[in-house]
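**Q** Once you have looked at the hints, place chains Z, X and Y on chain V.
There are 4 protein chains.
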Amino acid sequence: MDIEFLKEKTVQFRDARDWKQFHTPKNLAMALSVEASELVELFLWDDNTSSFSMTRTKNEQLQEEMADVLIYLLSMSDILDIDLSKAVLDKLEKNNKKYPVEKSKGSCKKYTEL
Amino acid sequence: MDIEFLKEKTVQFRDARDWKQFHTPKNLAMALSVEASELVELFLWDDNTSSFSMTRTKNEQLQEEMADVLIYLLSMSDILDIDLSKAVLDKLEKNNKKYPVEKSKGSCKKYTEL
Amino acid sequence: MDIEFLKEKTVQFRDARDWKQFHTPKNLAMALSVEASELVELFLWDDNTSSFSMTRTKNEQLQEEMADVLIYLLSMSDILDIDLSKAVLDKLEKNNKKYPVEKSKGSCKKYTEL
Amino acid sequence: MDIEFLKEKTVQFRDARDWKQFHTPKNLAMALSVEASELVELFLWDDNTSSFSMTRTKNEQLQEEMADVLIYLLSMSDILDIDLSKAVLDKLEKNNKKYPVEKSKGSCKKYTEL
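Residue numbers (this note's numbering), protein chains in the order written: chain V, 219 to 332; chain Z, 219 to 332; chain X, 219 to 332; chain Y, 219 to 332.
For the record, the hints were derived by calculation from the structure and aren't laboratory data. Take these hints with a grain of salt, some might be off.
[What the hints assert, rightly or not] Distance windows between CB atoms, simulated:
| no. | chain 1 | residue 1 | chain 2 | residue 2 | range |
| --- | --- | --- | --- | --- | --- |
| 1 | X | Thr330 | V | Leu332 | 16 to 24 Å |
| 2 | V | Lys315 | Z | Val229 | 17 to 25 Å |
| 3 | X | Gln230 | V | Glu226 | 52 to 60 Å |
| 4 | Z | Asp299 | X | Gly324 | 48 to 56 Å |
Since the model is a prediction, treat every value here as computed from it, not as a measurement. Yeah, the Cβ is synthetic: ideal placement off N, Cα and C, and Gly gets one too.
Extracted from the complex, chain V is given alone in its bound form (with noise of 0.2 Å):
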């Protein structure tokens, strides 16, 4: 679907509540990131291999976590009249020059440290 559909419904249940008063940036920034503790803590004691098969028990709650955060993500997008898809292409093309290829492939160091 395209993500200016789901912001739209994002905002739509929003609006209905009067919720936009409590959307400030800061307020979201800090909302998303406790979604996102939620998301880890579905994680916390497994190994990274083992990561894989719990996602199979506790798919549900997993899609939830992840949606949570989209969410917050698509509010802060509308409060802030910000184009997530142009900042996730214009990123990725950010990141293509600060990871060449050649440099990085096959290595999970930080480009500071390539």
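**A** Positioned in the frame of chain V, the structure of chains Z, X and Y alone reads:
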């Protein structure tokens, strides 16, 4: 843009660098939460009100951090074969029941406290 | 109380349950950040000002979340053999140079922006 | 060292810079979670096993990030007048009931799943 298109672009970037080997669910959840915190950091000492004006002076950083969050979310949806659009619509539907308009209008209380 | 005493109590609790096997640095860092986010969640929709009054109504939760953060920090200092007291004093000394009083007094700017 | 002594040193550093005005509970919780994420970032692409060896090469950074977390926790305990030592002992006592040795020994399950 379609969220599937953004996912494809993200996956192309990853595969050109042979990075799928690092993309376990556990690692991606961690990476996503680290990016979410970098977003939070931009608003650290602001008030809710001043957090709006900040978004003008730090607009580029803001867009980049939001893009980073979405890029990891797309990466996660790829390795776990989760349909993010569906996840968002399902979650909004579920939230619709948890937060009925008549109870939650104008209130920032959690559903457990309504 | 001495921070070493609190660490011993934490280690006793862990060892009685044979939990050291789960206490890798990566897992403990994740657990600590999850608890930090639970602390953040308590203040989610507050203003800076109202975040003070909240601390009265949610005082017990607040103490528990702060304790959780410290318990994981103590656990981490144990497995990595890090002296937390020394680490704090060293960091304050380092911050003293990064944030000279005459430049940073009354300012919430990061040292890179001073 | 006594945790009260570390708190005093932290408060002296803060007051010399007239920073108490920025230290609302909400801001300090955010700052603490940002530092917790910087700690997480050090272990981002490691396995649980390799996260031990990393701690040798990045030992100084590790100590600094852990110190940052504790400094914000001490700052928070100061403005909220919370006794961190008591909070830790109370929480260990509470965890003792939530995680009885006979049920939780050798298991990393959450108390809600025991």
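**Q** Could you check the structure against the hints above and give me the numbers of any it violates, in ascending order?
**A** Failing hints: none at all.
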